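For reference, the chains in residue letters:
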Amino acid sequence: MTLQQQVLPLAGTPPQDLRHYRGDHLLVAQMVERGSKVLDVGCGDGDLLQLLETRGIDGRGIELSREGVNRCVAKGLAVVQGDADTDLVNYPDDAFDYVILSQTLQATRQPRVVLENLLRIGRRAIVSFPNFGFWRMRLQLLVGGHMPRTENLPATWYDTPNIHFCTIKDFVQLCDEINVKMERAVALDLYGRPLRLNAPWWFWNMFGEQGVFLLSRAEKAR
Amino acid sequence: MVSVQSIPSPAIHAEERAHEADHPSSLVALFGADQPLKLDCGIDLAPFQIAYKTYGQLNTERSNAILIFHALTGDQHVASVHPVTGKPGWWETMVGPGRPLDTDKYFIICSNVIGGCMGSTGPASTNPATGKVWGLDFPVITIPDMVRAQTMLIDRLGIDTLFCVVGGSMGGMQALQWTAAYPKRVFSVLAVACSTRHSAQNIAFHELGRQAVMADPDWRHGRYFEEGSYPHRGLGVARMAAHITYLSDAALHRKFGRRMQDRDLPTFSFDADFQVESYLRYQGSSFVERFDANSYLYLTRAMDYFDIAADHDGVLAQAFRGIATRLCVVSFTSDWLFPTSESRAIVHALNASGARVSFAEIETDRGHDAFLLDVPEFFDISRAFLESAGKARGLTRTGG
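Chains as they are written, first to last, in my numbering: chain A, 1 to 222; chain B, 223 to 622.
For reference, chain B alone in the conformation it holds in the complex (with noise of 0.2 angstroms):
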């Protein structure tokens, strides 16, 4: 029989996991079943929680804070030491003293979205009504949602307007999300890799990964964490299909081309033969030890459902009319998951609505993933526009 090697099972952190997903080691804010969250399927959410992490310091005026949103997988931990996996923050090349987001000037919050599973309330969360973990009977999310959650943080940090609002991805659909629905909030604009609709080829790799996961037996119609299972196998194989859209042809020609893995010839079997199996592998693993099954679930979904025109009769202007906001777009030239025509779109329409727009295209083959990596012309530009903003802004120097 030929041999088969299928994606490892995985070092799974299932209690720390599940820990960190009612009691986030970064900081907690509680709302009470008198603040409940309005959800746009309808539902108010309540009580619910939203973790965070803060970086820097207020200034007085309260008008240095800059909120980041992070992307599908990532979490509140953008420049600190990651519980569960004990790596790096995810955005310590952007985030840190001198860095572009610079902390020693601005105030920075970064929260985990609502769905997730790093402390703000998701599926992973225990239902406080039955003592169980939620699951599946956690009601379906939006972007909205997510942004809405995020203003009643803001608002319990006694801060009016955010300085900036960033982020890439997911993140930068939240940002835009922010400019339309609370454009007196938000100062500046930094939206990275993103869109204000989700595609039709984006939808349709989000299902894909879906899929995998329901069809893993493990899944338990999303009851693993009751029956003491888990869909490895299944999110694995999202994860590795997802993480082929969030790099480039040239990207992973560049990296593995059609080498062997520890090995000179093929061995005739499906093992990993070729190096970018076996980092596929890895990237899948890596991702289930830390990530919920059911949150993949609901925070694709919320991508999906995005489409910030069909709010305004289908006119993409009509939702940044009047509009004060700075914004810098940012795409990438390899990114084909939000590639640089989207922007073009959203720049199109800022413009339109007579709003202050930057619009730069980064040339890089590193595709989606490049707003994560160190990109020096993004940072540059990442850095100038912040600065011209802070300028506008009356910001000074030091945090005080």
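Isolated chain A (complex conformation) (with noise of 0.2 angstroms):
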């Protein structure tokens, strides 16, 4: 079977339901236990909170924008107005047993704490990021000489929240220097697809749009 199949469609959900739903979405459902509790960090207009819950599972969400919450409470959903940096200390250990920090962790300021905090408050924790490491980000930066834009990043250098890009191969280094553990990881194409499961690492790191990681903590080392 296809890393394609095993993500798309997603096991016990109609296929037409899938459709409106981002790729990296359908990924991050489809790593989540069904009756699980989860937290979404920055869950946007909760589109993902949406499709957890479809699934089973008791979601919870922290927006940093007004206009976002307003959208989630709108949709029934569990939604505080928080920021990761500064709101997710006030969680207890273990509360969730996922956290999700989808296409957020750019735009914080500690992105180290976050993901400390991330697995402190979850057994488990999702992140997905764009990868700055992208080769059509390499391809401005190289030959065009400006700070790469793309469909998905379409904000100027100076009026961008992403404050800390990353690569795939960034991202693994700081994995490893915090003691996590990567069960799983795909890289996303351009249109939300996975690449080769047993392409090397730096051909996601070329080729992959975006890194969406399953990450628990390491066995302390004794």
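Incorrect hints may appear among the rest.
[To be verified] Among the chain B residues that face chain A by a calculated CB cut under 8 angstroms, a handful are:
#1 484
#2 587
#3 603
[Said to hold, decoys possible] Here are the simulated DSSO-like cross-link-like pairs (lysine-lysine), alpha carbons at most 30 angstroms apart as the crow flies:
#4 A:37 - A:75
#5 B:309 - B:477
#6 A:37 - A:181
#7 A:75 - B:406
#8 A:37 - B:309
#9 A:169 - A:181
#10 A:75 - B:613
#11 B:406 - B:260
#12 B:613 - B:477
#13 B:613 - A:37
#14 B:613 - B:406
Hints listed in this document are in silico derivations from the structure and should not be mistaken for laboratory results.
It should be emphasised that the depicted structure is a prediction, and the values quoted were computed from it without experimental measurement.
Note that the Cβ used here is the ideal one computed from N, Cα and C, for glycine as well.
Fit chain to chain and form the complex, with the hints in mind.
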């Protein structure tokens, strides 16, 4: 079975219901066990939370933008207005089975502290982020000589909320540094399709438009 | 001599007000000597009564009841004409057919709090033991006392679990107290512009108001009923000060700026030259027409004493441990009486206890009073929260 088939369609959900969901959301949803309790940090308009709730998952959200929160609450989702950088400390240890940080890591002030908090609050963390090592990014900087802009990251350097870009390689390095175990890693191409599973890291780092990681706490070294 | 205008003596509806205190023009639940209300101060209050209004129909499963709590100076007339002032209900924007608190769908109950002056037993009621108005002989009551009385009312109405409890300001305090004390009897909670404890600044403002009432010689140590006087100046000043805290700098500026009242030049006197002065005096005098001065002392005191965490070793999360209730907390950006930081503290505690909570801060420059005004974003959120809670509760479209 190819990874594509593993990811899409989502087991137990009719394919026609999945059309309007983003590829990375479907991938995340597939990583979360049914019946678990999930915190989505930076949940935006709540699309992922809605998808999770259709799968019998108890979802909660934090969102920075007031408009996003209000749209989520209007959808009946349990979402609170808050900031990943400052509010995660208020959550107790092991409060969730999974904590999700979808396309938000690069917008935090302290990505490392945030990542550590994710794995303190949740038994597992799912982190997705745009890969700054993607070939089109590299090409824009190399040939164009300007800060990269893409369809998914259209903001100019002076008004982007994304202040801590990293590559897949950088992220893997950070995980090693803070002793985080990578249970699963998937790179998605520009169209949200997973890249070949057996491809080497450099290939992912070059051709992955974004990375999605399922993380857990590594056993403490004795 | 420089001309002086004080708060005009109101067209006091003294008789109507006194009559409403004992014989309200709404439904009344009487509790006899065998059913005392156990107060936090240690006194058993008996007999006592609760005045309340209901709207809509209770369904056959008895699962669609919503209890609304009024704020400091509100009453049970949430969506019906006030019997003393003849004005419309205080939350008609929220409650009614097709409104967020839809009377076509839900059975809505709103009771006057214990200590109030609109028919529930309070300092303006007649003490059955003496045949005189309670006045300062009335025991000091707390927010938990108010809530305990409401549970007795709900029992009387044959309702086991409320679909939702809803309130803003002091009403929000009651909603949170219900959640902490009777979580199994509450399916969902909408707590607006409130806090789990009254801040030092808020206690300070209340103290200012109480001292204004007590400094009025017509207060007569609370015996104004017997002595035929009324502390309308003191209570008016208390209301003027409080009213400022319900608004915001921006709202006052937008509404009045430095505009003059019916004149182009200052009169070099202490008349109400500015529109904002005239407005505040009007607020003060119209309030004393409908509200009892002693009741104001008791209810502000109840809010001051409120501190849910204090009853749980100072840890707020402990108060909400293991609750299955769904909550929605709402604050307003320009509310400096119950600022967003207070709501955030509630949400942190609820998150820590694992409760299912939503929290929205709504942008408005209208201050604390925003929860009573026409703020569409607030209505949308309230409606959506209730609809999703209704789905989870299995409520059908009609009340049948």
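Results of checking the hints against the structure:
1. Annotation: interface hint on residue 484 of chain B violated; nearest CB of chain A at approximately 41 angstroms, more than 8 angstroms.
2. Interface restraint check for residue 587 of chain B: the shortest CB-CB distance to chain A comes to about 14 angstroms, outside 8 angstroms, so the restraint is violated.
3. Look at residue 603 of chain B: its Cβ gets to within about 5 angstroms of chain A, closer than 8 angstroms, so that hint holds up.
4. The straight-line distance between the Cα atoms of residue 37 of chain A and residue 75 of chain A is roughly 19 angstroms, inside the 30 angstroms bound, and the hint therefore holds.
5. Between the alpha carbons of residue 309 of chain B and residue 477 of chain B the distance comes to roughly 22 angstroms, so the proposed pair stays at or under 30 angstroms and holds.
6. Restraint check: the Cα-Cα separation between residue 37 of chain A and residue 181 of chain A comes to about 20 angstroms, which is no more than 30 angstroms; the hinted pair holds.
7. The straight-line distance between the Cα atoms of residue 75 of chain A and residue 406 of chain B is roughly 25 angstroms, inside the 30 angstroms bound, and the hint therefore holds.
8. Between residue 37 of chain A and residue 309 of chain B the CA atoms are separated by roughly 48 angstroms; this puts the pair beyond 30 angstroms, and the hint is violated.
9. Distance hint between residue 169 of chain A and residue 181 of chain A is fulfilled; the C-alpha atoms sit about 15 angstroms from each other, no more than 30 angstroms.
10. For the hint linking residue 75 of chain A to residue 613 of chain B, the alpha-carbon distance of about 12 angstroms falls within 30 angstroms, and the restraint holds.
11. In summary, the hint linking residue 406 of chain B to residue 260 of chain B is supported, as the alpha carbons are separated by about 21 angstroms, within the 30 angstroms threshold.
12. A C-alpha spacing of about 41 angstroms is found between residue 613 of chain B and residue 477 of chain B, which places the hinted pair above 30 angstroms, so the restraint is violated.
13. The straight-line distance between the Cα atoms of residue 613 of chain B and residue 37 of chain A is roughly 20 angstroms, inside the 30 angstroms bound, and the hint therefore holds.
14. In summary, the hint linking residue 613 of chain B to residue 406 of chain B is supported, as the alpha carbons are separated by about 18 angstroms, within the 30 angstroms threshold.
Violated hints, listed in ascending order, are 1, 2, 8 and 12; each of the other numbered hints is respected by the structure.
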